Amino acid sequence: MSGHSTYQPQNAFMKWMERRLPIAGLIHSSFVAYPTPRNLNYWWTFGGILTFLLGMQIVTGIILVMHYTPHADMAFNSVEHIMRDVNYGWLLRYLHSNGASMFFVAVYIHMFRGMYYGSYKEPREVLWILGVILYLLMMATGFLGYTLPWGQMSFWGATVITNFFSAIPVVGESVVTWLWGGYSVGNPTLQRFFSLHYLLPFVIVGLVVLHVWALHVVGQNNPTGIEPKSAKDTVPFTPYATVKDAFFMMCFCVVFAWFVFYMPNYLGHADNYIPANPAVTPLHIVPEWYYLPFYAILRAIPNKLMGVVALGGSIVILAFLPWLDTSKVRSANYRPLFRQFFWIFVLVCLGLGWLGAKPAEGGYVIAARILTIYYFAHFIIILPLLGWIEKTKPLPNSISESILKEGLPAGGSGPAPTVSKH
Amino acid sequence: MMRSILAAVLAASLLGVAPQLASAADDTPPPPRQKWSFSGPFGKFDRAQVQRGFKVYREVCAVCHGLDLVSFRNLGQPGALGYSEAQVKQIASEYKIKDGPNDQGEMFEREGRPADRFPRPWANENAARVQYNAVPPDLSVMAKARTYERGFPWFIFDIFTQYQENGPDYLVALLTGYEDKAPAGVTLPPTLSYNKYFPGHAIAMPKPMEDGRVTYEDGSPQTLAQYSKDVTAFLMWTAEPHMEARKRIGFQVMIFLLVFAGLLYFVKQKVWYDVKAGRI
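So the protein sequences, as listed, match chains P and G. The first sequence runs 5 to 426 under my numbering. The second sequence runs 7 to 286 under my numbering.
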C-alpha cells in the first residue's frame, strides 16, 4: 500500500481497469512486490494466521446465525439444534468456539513477539496502538459471543462482567441497567449482545485494514530490529512470505484441528452445558481462559472500583509501551537484560492466568497481588529504567550482514548448490 | 429444595464463608478413571453398552429425568445405538405423546413417532418440585455438563493424552458413590442423601438403583457398577450424538493437514533455497 506500484497490467481489460480503479496494482504492491525482511522467523507468521482466523470466524459465524435463535428461552436449545440436527452443525460450532480460543492463542503470540523484538518502537507506534485497539475489540467480541449459548457460564459471566460498570461512581448502577436493558441480565441483554457480537467483527475487519495499511507504510520489523538498508535486505512478499506463512498456517491448523475434532470442549467450561438459570449461581464463576490473567488482576485488588481500574489499566498500558520502553535498541536479541525481564514477564502473565482460575482466597490472593504489582512494575519501572542502565550488544550493520555472520552459506544442511542450477 | 440450598450457597459465598465450603469440597475424592470405548482419537460407542444404558435410562432414570433434546429417530442414526428403522418405530410407539390441538380444538394423546422427542416424565417444573422436592435436571447433555477439576499439571497433560472423559467418570462415581449413612459428625438436611463424590455431599437425588435392578439380556453383570457405566455411555451418546463422525473426519483432516503442510514445507525450502544460500 506504499510507494509507487510496479504492477504492469498484462491484458487489455486489466490495463483498462488499472487506469480507472488501480485495485490490482494495490494488491500487487501490498501482497506481491511488498518488500519483506529476509530474516523473518516463524514468529512473524502469526499476522497471517490471525487474518485467516478472522475470516474463518466470520464465515462460520454467519452460517451459525442462520440456525441460531437469540432469545433467552430458545438460545440454549437452538445451539443444541445446531449440534444435533444441522448438517455438520457440530463442526461449524466447534470451529467457531475453538476458533475463538485459537484466535487468542495467535494474538498472544503475536503480541509477545512484538514485545520481544520491540516492534512497537518508532516509527511503528500507530501500528502497535491499532493492534491494542484490535485486541480490546477481540476481547469484547469474545465475551459477547460466549454469552450467546445462554448456558450458566454465559449468564453469570455476563452478570459479573457487566457489573464492572457498577463500580463507576454515581452513575454506575444506571449504566449497568442501561447495558442490561432491564434490572438484571435477561432477554434484552442477550439480544443486544447478539447484535453487537455480529457487528464488532466487521469493525475488527476495518481496523485490520488500517493495521495492515500502517504496517505497509512503515514496513515490517525483523529479528535484528534494524531497518532494511538495501534491496539485499529484503525479499518480495510473494512467493517468499506467502509460502512460509502458508506452511506455518497449516502447522497451526493441526493444533486447531486437534482441539476441534478430538477435544472440542476442553477449552470451554462444563457449566455452560447447563441452561442459564438466574436462581442458581455456579460455585466458581470463571471467565474463558484468555481473560484469566486480567480476572486475576481484578480480584487481586480489594476495592471494586480500583480493581476495575487496574483491569482496564493493565490493557490500556500496552498502548503506552512505545514511550515506556526507553531503549533505542529494538530487538531483545541485542538486549541481554531486557531479554531476561521479557521472559519473567511472560511467566508472570501465565502465573496470573493460572491464579485467575483459582478461587480468590488465601495464598492465591497474595500471589495474585504480588504478580499484579510486578505486571505494572514491568511497564512503569523496569522498562523505562532498562533503557538507561542496560548495556546493549553491538548491532549488525545490516540485516544481510547479520545473516552472513550466522555462517551462511553453511553448506552442511540442504542439497548441494549444483542442484539449484536447473 | 435444591434451589434453596444453592441460594444458601450463594448467600454464604457473598458473606465470605466460601472458603469453608471450598475446603469442604476438598474432601471430595477425584472420580476413579474408567475405561471407555469412546475415548481417544479412534473412539467409538460400544453398541451393546449404549443399548444396555438406554434400557437403564428407560427403566430407572426416566422415572424422574427428561431427555428433551433427543428424538427417537436419533437412536437409529449412524454412530448411534445401531437400531434399525423398524426398531426405532417400535420404541417410539411405546411412548405416549401429547399432541394437538386437533380440529375440535382439543389436545389428545397418540403413539410416539420417530420424529418425536422423548417426553418429559413431569408436566412442568412446579409439578416436579411437588413430586421430587427438586427439579430433576434434563439428561440430554449431562455427560458434558459435569466435570471435576484436574489441577496442575494434569490439565496440561490432558491436551496430549486427549483425556476429556471427566464428565462420564464423574457420573459413574456419582451413581456408585452413595452411602447409606452420612459419616459421623455430618448432619444431612432431611430428604437429602449422602454421596461421596457430589460437591458438598448432600444430594437431592436418592440412591437411584442397586444390583439386580435392571435385567440384562446379553449376560452382562447386573451390578450397580455395570449399570452406572452403561447408562453413562448412553448419556455420552445423547450429549454428543455425532462424536463418531467427528473423530472419523478429524483423522481425515489430520492426514490432509500433515501431508499438505509437508508439501508446503518442501515448496518453501525450494523457494527459499537461493536466499538461504546467500545468492539473492
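The hints are simulated quantities; they were obtained by calculation from the structure and are not laboratory data. All values reported here derive from a predicted model rather than from experimental measurement. Errors might be hidden in some of the hints.
From the structure, some residues in chain P lie toward chain G, with a derived Cβ separation under 7 Å [unchecked claim]:
#1 Ala37
#2 Arg42
#3 Asn43
#4 Phe168
#5 Ala250
#6 Tyr266
#7 Ala274
#8 Tyr277
Stretches of chain P that chain G covers, calculated by requiring three or more beta carbons in the stretch to come under 8 Å of a beta carbon on chain G [what the hints assert, rightly or not]:
#9 22-32
#10 239-246
#11 324-338
In silico DMTMM-like pairs for lysine to aspartate or glutamate, Cα to Cα no more than 25 Å straight-line [claimed, not checked]:
#12 G:Lys50 - G:Asp164
#13 G:Lys187 - G:Asp164
#14 G:Lys102 - G:Glu131
#15 P:Lys395 - P:Glu231
#16 G:Lys95 - P:Asp89
#17 G:Lys50 - G:Asp33
#18 G:Lys104 - P:Glu231
#19 G:Lys102 - P:Glu405
#20 G:Lys274 - P:Asp89
#21 G:Lys95 - G:Asp52
#22 G:Lys61 - P:Asp89
#23 G:Lys253 - G:Glu117
#24 P:Lys236 - G:Asp74
#25 P:Lys233 - G:Asp280
#26 G:Lys104 - G:Glu131
#27 G:Lys50 - P:Asp77
#28 G:Lys104 - P:Glu405
#29 G:Lys282 - P:Glu22
#30 G:Lys276 - P:Asp89
#31 G:Lys253 - P:Asp89
#32 G:Lys282 - P:Glu231
A virtual CB, placed ideally from N, CA and C, is assigned to each residue, including glycine.
Output the numbers, in ascending order, of every earlier hint that fails for this structure. 1, 3, 4, 9, 11, 13, 17, 18, 19, 20, 23, 24, 27, 28, 29 and 30
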